[in-house]
Amino acid sequence: MDEPRPRLVQRFSGAERTLHWVYALLFVILLLSGLFLYLGPGQNPFLDRRELMRSIHLDAALALVALFLLVAAGSPGTLRRLRDDVEWFDRDDARWLLWVLVPRRLRGRPLPPQRRLNAGQKLNTVLTAAATVGFTVTGTLMWGGSALPTSLSEAADTWHLLLTEAMIPLVAGHLVVALLFPSTRGALRGIVTGRVRLDFARRRHARWAETLEQGEDTV
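Position 127 of the sequence shown, counted from 1, bears residue number 694 in this note's numbering, the numbering being contiguous throughout.
FYI, nobody ran anything at the bench for these hints, they're computed from the structure. Each statement offered as a hint is correct.
The calculated label-pair distances, taken between Cβ atoms and stated as ranges, are: (1) R621 to R662: 43 to 49 angstroms; (2) G701 to E654: 17 to 23 angstroms; (3) V589 to A697: 16 to 22 angstroms; (4) R770 to A697: 26 to 32 angstroms; (5) D724 to T760: 38 to 44 angstroms.
The beta carbon of each residue, even a glycine, is placed where N, CA and C say it ideally should be.
Produce the entire structure from the sequences given, and follow the hints as far as they go.
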């Protein structure tokens, strides 16, 4: 007899997945084009294409701003739900962070129950959003160029670079956890297809699973 197929539940809407993947693509384009712009003459294989790289970087930045405006106008519930997801950081979230930092062999308690986003995903979302605002502000000031005081332009350039250096390990860590850890396969499937297995939700996001089973949470 065939085993019953696992029950799937909706975790992310189409708008949420579109926001995630288009943002990821644009961020990679911005990161690579930005790095080429910062490389010195002896290190930059695209030195003769500097203006092209600058145009690509600017176009991707404008597309990123347009992405958020389109989502805000076309699917305001997406950003509102994301805000609700990260708005609260409670004792279970703090316990979750401590739990993942403790070596596996020393973990005496089960995984603390989490909502739709766990504490790590909340932090990643907040830091990414803050960095995006920072990139937008400093990038706009850099775009102003000669029209601004030299000190302001140089400060914007410095902070833009510092934000880039801060985001590289954050993005690298996100990719490693998402792609290489077997325990995150369900989460990766969720952001690709929008749905996860109910048993995964119960195991990794118990508080969210409770709201699903009570019919209180819909995407």
